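Peer 1: Protein chains in written order, with my numbering: chain A, 38 to 352; chain B, 38 to 352; chain C, 66 to 711; chain D, 66 to 711.
A portion of the hints provided could be inaccurate.
Quick list of in silico lysine to any residue cross-link-like pairs, SDA-like style, CA-CA up to 20 Å [unchecked claim]: (1) D:468 - B:343; (2) C:475 - A:322; (3) B:263 - B:303; (4) A:52 - C:541; (5) C:649 - D:287; (6) B:171 - C:541; (7) B:85 - D:670; (8) C:68 - C:98; (9) B:183 - A:337; (10) C:475 - A:289; (11) A:285 - A:271; (12) A:219 - A:74; (13) C:207 - C:196; (14) A:183 - B:326; (15) B:49 - D:670.
A few chain C residues that face chain B, going by a derived Cβ cut-off under 7 Å, partial list only [stated by the list, open to error]: (16) 114; (17) 147; (18) 326.
So the derived label-pair ranges between C-beta atoms look like this [said to hold, decoys possible]: (19) C:216 - A:346: 25 to 33 Å; (20) C:699 - A:346: 48 to 56 Å; (21) C:207 - A:281: 12 to 20 Å; (22) C:638 - D:125: 21 to 29 Å; (23) D:589 - A:182: 43 to 51 Å; (24) B:263 - C:162: 47 to 55 Å; (25) C:235 - D:573: 52 to 60 Å.
Bear in mind the hints are in silico, worked out from the structure with no lab data behind them.
The model shown is predicted, which means the values in this text are computed figures rather than measured ones.
Ideal placement from N, C-alpha and C gives every residue a C-beta, glycine not left out.
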Amino acid sequence: MSVSAPVKFTLKDYKSDLHNDWCPGCGDFGILTGIQMALANLGLDPDKVAVFSGIGCSGKTPHYIKAYGFHTLHGRVLPVATGGRLVNSGVTVIALGGDGDGYGIGAGYFVNTGRRNLDFTYLVHNNNVYGLTKGQASPTLSKGKKTKSMPEQAIQDGINPIAMAVAAGYTFIARAYALEPKYLAGIIARAIQHKGSAVVDVLQTCPTYNDLYTKEWYEGADLPEKKSRLYKLEEQGFDGKVKDPTDKQEIIAKKAAAVARSYEAEPIPIGVYYEIELPTYEDAVNQRIPALAEKPLVELDTFKRDVTPLLEAMR
Amino acid sequence: MSVSAPVKFTLKDYKSDLHNDWCPGCGDFGILTGIQMALANLGLDPDKVAVFSGIGCSGKTPHYIKAYGFHTLHGRVLPVATGGRLVNSGVTVIALGGDGDGYGIGAGYFVNTGRRNLDFTYLVHNNNVYGLTKGQASPTLSKGKKTKSMPEQAIQDGINPIAMAVAAGYTFIARAYALEPKYLAGIIARAIQHKGSAVVDVLQTCPTYNDLYTKEWYEGADLPEKKSRLYKLEEQGFDGKVKDPTDKQEIIAKKAAAVARSYEAEPIPIGVYYEIELPTYEDAVNQRIPALAEKPLVELDTFKRDVTPLLEAMR
Amino acid sequence: MQKNRLTWMIGGPQGSGINASAEVFAKACSRAGLRVYANIEYHSNIMGKHSFYRVRVDEEDVRSYREQTDILVALDHETLAGDGDHRRWGTHKGHLHEVSAGGGVIYDAEIGFDHSGARPGIQYFPVPFMEIIKKALEEVGKGEQARRYEVMKNVVALGSSLALCEFPLELVEEVILGQFKGKRSEVGQLNVRAARLAFDHVRESFDAKSFPYRLQPHREPKARLLAKGYEIMAIAKLKAGCHFQTYYPISPATDESVYLERQQRDYDLLVVQCEDEISSINMAVGAAHMGVRSATATSGPGFALMVEGIGFAAITEAPGPVIVMYQRGGPSTGLPTRQEQGDLQFVLHPAQGDFPHVVIAPGDLRECYQDVFSAFNWAEQFQLPVIVMPDKKLAAAYTTIDKLELKYDKIERGKTFTGSEWTPVEASGAGFAAGNGHAGGNGHKAGEAGGGVKEYLRYAFSEDGISPRSRPGTPGGRYWSTSDEHDPDGHITEGVGMRVAMMHKRMDKLPLIAKAIPEDQQFFLHGPADADLTIVGWGSTKGTILDAIKELEEQGKKINFLQCRLMRPFPAEKVETILKKAKKLALVEENYSGQLGALIREQTGVLIETRILKFDGRPFSQDELIAAFEKALTGTGVQEVVTNVG
Amino acid sequence: MQKNRLTWMIGGPQGSGINASAEVFAKACSRAGLRVYANIEYHSNIMGKHSFYRVRVDEEDVRSYREQTDILVALDHETLAGDGDHRRWGTHKGHLHEVSAGGGVIYDAEIGFDHSGARPGIQYFPVPFMEIIKKALEEVGKGEQARRYEVMKNVVALGSSLALCEFPLELVEEVILGQFKGKRSEVGQLNVRAARLAFDHVRESFDAKSFPYRLQPHREPKARLLAKGYEIMAIAKLKAGCHFQTYYPISPATDESVYLERQQRDYDLLVVQCEDEISSINMAVGAAHMGVRSATATSGPGFALMVEGIGFAAITEAPGPVIVMYQRGGPSTGLPTRQEQGDLQFVLHPAQGDFPHVVIAPGDLRECYQDVFSAFNWAEQFQLPVIVMPDKKLAAAYTTIDKLELKYDKIERGKTFTGSEWTPVEASGAGFAAGNGHAGGNGHKAGEAGGGVKEYLRYAFSEDGISPRSRPGTPGGRYWSTSDEHDPDGHITEGVGMRVAMMHKRMDKLPLIAKAIPEDQQFFLHGPADADLTIVGWGSTKGTILDAIKELEEQGKKINFLQCRLMRPFPAEKVETILKKAKKLALVEENYSGQLGALIREQTGVLIETRILKFDGRPFSQDELIAAFEKALTGTGVQEVVTNVG
Ligand SMILES: Cc1ncc(C[n+]2csc(CCOP(=O)(O)OP(=O)(O)O)c2C)c(N)n1
Ligand SMILES: Cc1ncc(C[n+]2csc(CCOP(=O)(O)OP(=O)(O)O)c2C)c(N)n1
Ligand code: SF4
Ligand code: SF4
Ligand SMILES: [Mg+2]
Ligand SMILES: [Mg+2]
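With the rest of the complex left out, here is chain A (with noise of 0.2 Å):
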């Protein structure tokens, strides 16, 4: 979505008054905030906005943002995040949820969603767990690891989320860090503004339940010497842009790049995995329906239709 409004709104625009119930120390807040800043820094206008979530802790988080707030089914959050995009191009759409919403019980539509390339943001809170269960394994979390409320360890893989974001075609991948809202704010800009389907898996951790991956084991607290288990992918020179889009082998490369560093497990890349612009599936609406060029779909007027040369078919 790419967007020039002049920036006038400011942070506490786009936050509703509402109490906010997540547990304290909960990795959503600072993807609230991060969400938050980015529509601060595009000085989007809350009413231009959407936000869908599907079910769990960090479904809760469009009741938490000043903007239209659609807080969906769990699971089904993109479907309902594309009917909305597709009938009104003229609304900024950002759709969430979490691991569990997205990459197990969504994960149908994680992939076919990435195929179409409409215009719209996804970010998916990645705390490892179900949080709003309380605390079973979520398929992020990899096979033999056991947090706190599990009576087993996981008995399945863990999910590679920006491998199946590459696989299933979404054109900006990318990874944030809960805590960074900072840098958070800013990936998340860059998705908004990327003409496209853009994914950021966020690394949100989940102090009620997740014991493992704790901001402590994110800073790598436990570590001989004290070093963060996050690295930048930019700071090590990787840019996963390519900037020949027509280019098959270039985009081959990128894309194998994009999925080895997908698989390092510690330090883990944090920042833009993959991005690549190609035509949007708005792009290829518009063709098929010329109209759509002018305005969006939900302000065409369709009442006033000749059905007359349907019918006359039928003598």
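Position chains B, C and D with the ligands relative to chain A; hints supplied.
Peer 2: This is chains B, C and D with the ligands only, laid out in the frame that chain A set:
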């Protein structure tokens, strides 16, 4: 599924007498033959084999095979087969279905099943269309393409099943061609023998609805000089097998290589893209329930349980 | 003097294109001012399995099929002899036994059928289909390509048939030529030629003149439409201003969406083929919330995946979507291409909890048009999902209708927030006033962006029971929504008082809707009030029931028909009155358990003991209902009808 | 003399561990031979929102809660004053008003509550919770770590409470110590010490002796179980020999599966956490076909995703799974952690088409145990999915029961194919004989692998209506199955005759089941036959209804209770007789529309006009039903009950 039965069955032992109602020349015939040849080569007792399928033209396959046959629901073949396999490790489980069935409506199960490394085999009949519903675009048809019965060209990108399989964690990932049953049979046999989750994407012709990727197209009949649009990975010295499963670097390299190859469009690589020997879901389950190391769950006597200790805990 | 009517049937393997010839013939008859009821039976298979297309033509209105066929055209052996010879459990015994006394059987001489010894009392016309095609091709020097033109067997079938019944071949030729326009006109000419050659061949080789079943064009032809239900559904959606249609392929619903896909450019409608039905319903709900007229279409197995989304639409008071739910043979995958009315009870209780939704079941094409059109109004006026329930028979039967008209044609978009009207704070809490002024609300207080001294609350309680909806992007119209129970501002609540108020807010829409929907759209009593037998039915059996009643009327029997159309909210009182007045009741349904009967008893307490049920995947024939009604006039109890033809 | 009973309540923010103290107290009372009914109310939230746990203790059996609380312990301000001060639409007004006359309010002196001016007529006991904890810690030299031990507020709450009601602290200490075994015993000691210090503090600082509400251990304690419904469900599954359980987390169903997960090693049971409920149901169906006893558990939103799989299980005649469907507040996501009986109609018609399934709703823990156990038998005997429907109240209420026993304890696995019995070919087609001997069948003809001169047909028609099922892997037992309509050998058919026969084959199981299930498991009339008022209800309201009736009995009122348990197949005739005999009927349901009422009218024609309905997400209190029954004895009509406490 590692098998070591003496070859005492012939092709006809796997052929049911049911009249086949696929269109003349359908690639499914090749796949059917490939499966039957593989079973014969491995000498598996038809009474110890269960074939599960989704819904579609491809879904009818089990009816033509003499084996236990489960023609399930559209997009749900993997969960059903998983349940079946988990409780009866004494039976060889083959799941199969269409590309719509497996990569579209079933994408969530395709992804999450990959995380388990259950010991079974999954074959996808990839014909780029929804055959049984009369030729709409399937998830493997790429953007801009239009087959016979589509009113408009595809508006979404095609999925990359191989890259998806890599990201999902399948431990044996291959591609074959329906009209080369011998080669296909070889791949299927390896897939069945592989200890873990094996997926084979089978390029399948649909003479009735797919007028783009026809037998002639695959054979390159239209090229300046006729030349197959397929090549065998092994013939180019490509080896997708991970030699040392404990070597993270080798794994990452092999995965990246498989992904890179999976984006080659013309010619299309067939053969084994990726292979690794890892502990299976069954191994993990057996650790949890030691009795399973002796016999399949279905054979355990669970009817003499003494629940008094549990009741005592309630006093 | 023999009436001007005829039943013609063509049978052959799927993929051989019997549809083409049947529909050409139907169209020619319709243009000739005759009434047509044509229906196809086919397998869930692409090529090879037995299918047949029956075309019933009459001067008077026909809305169902008869069991007797006057002319049968067989492209293969199975059409005549059934499949008992190659299937362990034969599925049918062929159509020979359906041919009227003295009727004709035209069959391809190549299929190796020997009619000596076959059923006596009917006439056999072996025709060398391929030879005729070859001949036509030779005339244009393509004689050797005959096999590539096999599909022309269909025009050969037509030509041969017309030679018997004497219906003017010119009318058929006109239709054929109309189908091959522009550079394909050559092919058209070829087809016309083949039809003509077949016509001549039959005239020359057989004593066609003496064939007893004949058909003439109407004296004063009247222009009518010849249509299938899915086309009417699609056109109704266009007419209603539908912006957005989602779908996932499934018979018999796909055709509607594919038809709409073709209209996208001309009508500014966006059609999206989704990855599955969960996506279809949720995209449609998202779109409805965003302010467009949103719709989807599916059948049983797909609907089973939509139920979660329907509850979601209901609790968030989405202004839609409209869901056209085409019933087919169940349970589960069941009989994908066959007829059944087996999903009523499922659609009436489609998800967890109590929530409002509308369910209406049209009985014919006119009602399909009206109900789908109205559905969009109701969805937006009352902010809930609306389900229209046709079935395979309605979707696929090809029938003549006098012009398509809407009795209720006003577009009603319901209460919307445009930035001017704010929710009066007093009213925003119904008994809770505006709450206590603490945190919450959409934050649009006096002077703030969007202006106005009052605020907008999406789920405000209001006098007329409906809260104005705001279209995302509207300045000041910002709101929240959630699938959890919520406050007027759309934030989650678990408070008992608000919960109860919100349940009433949602459920109280049902009585409002009952008031808003015209009575004749809710139910209709066809025929005399003082009948000896009152048939109770719904959906696509309407035409068959009326046809059967008409015939029995001519025999002096007095039967009327209570057609139930609006299933939820159900017009219990009025229906009860009619039922209690009736001398005798008989329920007609194409399902196993009598699902409308269950609904009626639940709503009115009336148990209809006489039940005429069919659940073999085929619609009732007029003959079956005539026989059943005669029985019902005298006896009581359940009659299970099983198809004897096809 | 005052009866030996007490209601104690603790309230505080979620995550502060009020469960711990309530359950310790409950256990101590149970061990002391007293009866306990304890229930918790909490939000769909992890930390911070208001929750409270009510423990009702009595010498006589108690199966519901009373509205008066004798001792209220408040860990935060909201527990006393409600949330109106920080929420725009307050959800509750706090619990002060629930305290019995002269009752006591113990509150943390730190929460800034000033009871001067607060509700008069009750006693206030401000206790310095943290100071006491600190003191306990100082004794072991950990004084400065007090904050890390905040959760010990719960034992302080207990100690303080016992100081008032005089229940022996030793009994509580014993329970506490039992919970901290091994190396955690130190912590146990610490907790015991804190409780003791609190006890002493209250005794010293207040005139506790004069506190009017007291509780003594039973004279002759009887060993009982203290359990929650989900535990009983899980144990029933183990007892029934369940091999395989799938689940996807969802309240209030998760607890059962997590409980079972813990038993995997000891009981050779495999529990799989799936990616969603579509996977849960289909894995369970696949496992059932493979021959194990298979089960899953979910609640409304999850069930909405299982419906497709239930139709699949039914048409393929899978011997299961058993689905425990825990109802919660709907619609949609609704009220995830609250009570409702709102899913009955949905579960009765869960998918497209007509197919057989069993639905049973247990009313208390004993019935949960029996019904889940029996469910596995029915699933295998009749080869269909069986749904057991408890709800949040049954799952979570913590109650005493005398020992757990099965009245019907036989394991019945139904007809199975072991390789010896072959389907007599004559019988394999019911009217179709064995078909015509053409292709088809599972190919096991005479002499072939697997042997036997006859063949095995999975879906053969048989005298008793059930075809023996074969376990994949069984030599000669090979078969096909499909979600399409099929022949006896499991291959697809679309033939009308076979279709009708197969529909009967499946649907005719329902009457068989009705015969097989003992009457007292189908419904039960509690109390005198000749009552003045007959209450009709189902599920977890049973206990509350019986408690209310008991109290009214003591006032000389004659009321009985018809408990409906088997919902499908529904015992229509017998229930109808009872209803028609009744002097007056009143329906009791915890949902908006009276879903059992609808079922009863559909099945019997009887309309129950007097309805006592509650749908605010909370179970009925005994008091609410007493009042409602009194009204019902005299008046008619709908009574909507809204919670006044909590
Ligand atoms: C269909 C359905 N199944 C299950 C649930 C119960 N449920 C609520 S939230 C949740 C998972 C939450 O985990 P995640 O998506 O990772 O979000 P988080 O709470 O960790 O932010 C589940 C399973 C539901 N609401 N709907
Ligand atoms: C839930 C559901 N939705 C839709 C259908 C209709 N349907 C049957 S087969 C099919 C797709 C077939 O395509 P594919 O999976 O690629 O298999 P193919 O026929 O190409 O072998 C669909 C959509 C169904 N059976 N169930
Ligand atoms: S449970 Fe975890 S994710 Fe949920 S609010 Fe608490 S800390 Fe955050
Ligand atoms: S439609 Fe295509 S896939 Fe289906 S049977 Fe025919 S050729 Fe094969
Ligand atoms: Mg999570
Ligand atoms: Mg396909």
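Peer 1: Check each numbered hint from earlier against the structure, then list the numbers of those it violates in ascending order.
Peer 2: 2, 5, 6, 7, 9, 10, 11, 15, 17, 21 and 22
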